[in-house]
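There are 2 protein chains.
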Amino acid sequence: MEISHIEHIGIAVKNLEESIKYYESILGLKCYAVEEVADQKVKTAFFKVGDTKIELLQSTDAEGPIGKFIEKKGEGIHHLAFAVKDVVGSLKEVEDKGIKLIDKAPRKGAEGLNIAFLHPKSTNGILIEFCSEK
Amino acid sequence: MEISHIEHIGIAVKNLEESIKYYESILGLKCYAVEEVADQKVKTAFFKVGDTKIELLQSTDAEGPIGKFIEKKGEGIHHLAFAVKDVVGSLKEVEDKGIKLIDKAPRKGAEGLNIAFLHPKSTNGILIEFCSEK
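For the protein sequence lines, the chains are H and U, in the order given. Under this note's numbering, residues 312 to 445 are what the first sequence spells out, in order. Under this note's numbering, residues 312 to 445 are what the second sequence spells out, in order.
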């Protein structure tokens with residue numbers, strides 16, 4: 312497995328519109344896309360910072376993963392996504408090394424990427440995502 | 312203020328040696344430096360991923376900021392550091408917009424960078440750092 316860069320940092324927020332304003336007006340970043348990912352029960356907003364994106368995530372359902380995260384931990388960084396060439400091969404590689412997976416096979420994420428999550432219990436408490444272009 | 316890229320992602324860990332092993336053996340990243348920052352009461356380890364670094368932080372003192380963070384929240388992502396050209400000017404700019412600062416003036420961080428933290432109460436619960444080359 313070769314990680315080329317951090318594809319994005321996922322940040323759980325309560326209010327997407329307010330958070331977009333913060334990143335734009337305070338930090339001077341520019342939101343270039345807002346997208347709903349029904350599968351993940353989230354509405355997302357993207358900012359590009361160097362070769363990494365910031366992905367703000369607002370839950371569309373209190374029972375979804377971001378809704379539960381905010382209820383438990385409050386707003387904050389939710390996951391770290393590494394860009395890999397081959398999600399399937401990378402999942403197999405880390406599973407062979409004893410890492411527990413959330414997704415045994417990639418599924419479709421925001422921006423049409425192939426994505427899969429590792430289980431945070433295996434990864435120092437950090438929710439790690441692998442993703443690759445279609 | 313112009314943010315060029317995410318300089319690093321700070322991750323609080325309990326055991327630096329074990330965490331280095333995880334990032335090296337599971338994710339295939341390479342630790343290129345270990346440094347103690349006495350001022351912050353931490354020992355740090357750095358990995359480069361694209362134009363962003365991962366900075367693992369192990370507390371050297373239970374009363375230090377990382378010691379307290381781990382006691383309260385457990386291991387996980389601690390802060391997000393944005394690369395700016397001018398830390399002093401950037402601090403003034405966000406303070407003028409109502410953001411509360413932890414550091415009113417930059418101090419010396421790991422790798423000799425000039426660093427300053429914004430207060431997470433003003434920034435959606437995320438601890439944000441500005442940093443620049445000497």
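Treat the hints as calculated values from the structure; they're not laboratory data. Any given hint could be a false lead.
Identical copies carry no separate label here, and so any pair may be met within one copy or between two of them.
To be verified - Derived DSSO-like pairs (lysine-lysine); straight-line CA-CA distance at most 27 Å:
no. : residue 1 : residue 2
1   : LYS432    : LYS341
2   : LYS396    : LYS383
3   : LYS332    : LYS408
4   : LYS408    : LYS352
5   : LYS403    : LYS384
6   : LYS403    : LYS354
7   : LYS419    : LYS408
8   : LYS432    : LYS419
9   : LYS396    : LYS379
10  : LYS396    : LYS432
These numbers were taken from a predicted model, which means no experiment stands behind them.
We went through each hint and held it up to the structure:
1. LYS432 <-> LYS341: Between copies, since 22 Å is at most 27 Å while 34 Å is not.
2. LYS396 <-> LYS383: Neither: 33 Å inside a copy, 37 Å across copies.
3. LYS332 <-> LYS408: Cα proximity of LYS332 and LYS408: across copies only (12 Å, versus 42 Å in one copy).
4. LYS408 <-> LYS352: For LYS408 and LYS352, the Cα distance exceeds 27 Å both inside one copy (31 Å) and across copies (33 Å).
5. LYS403 <-> LYS384: neither (30 Å within a copy, 31 Å between copies)
6. LYS403 <-> LYS354: neither (30 Å within a copy, 33 Å between copies)
7. LYS419 <-> LYS408: Classified as within; 25 Å inside a copy, 38 Å across copies.
8. LYS432 <-> LYS419: within (23 Å within a copy, 34 Å between copies)
9. LYS396 <-> LYS379: neither (31 Å within a copy, 38 Å between copies)
10. LYS396 <-> LYS432: Answer is within: at 24 Å inside a copy they meet the 27 Å cutoff, but 38 Å across does not.
Hint compliance for this structure: hints 2, 4, 5, 6, 9 are not met, and every other hint is.
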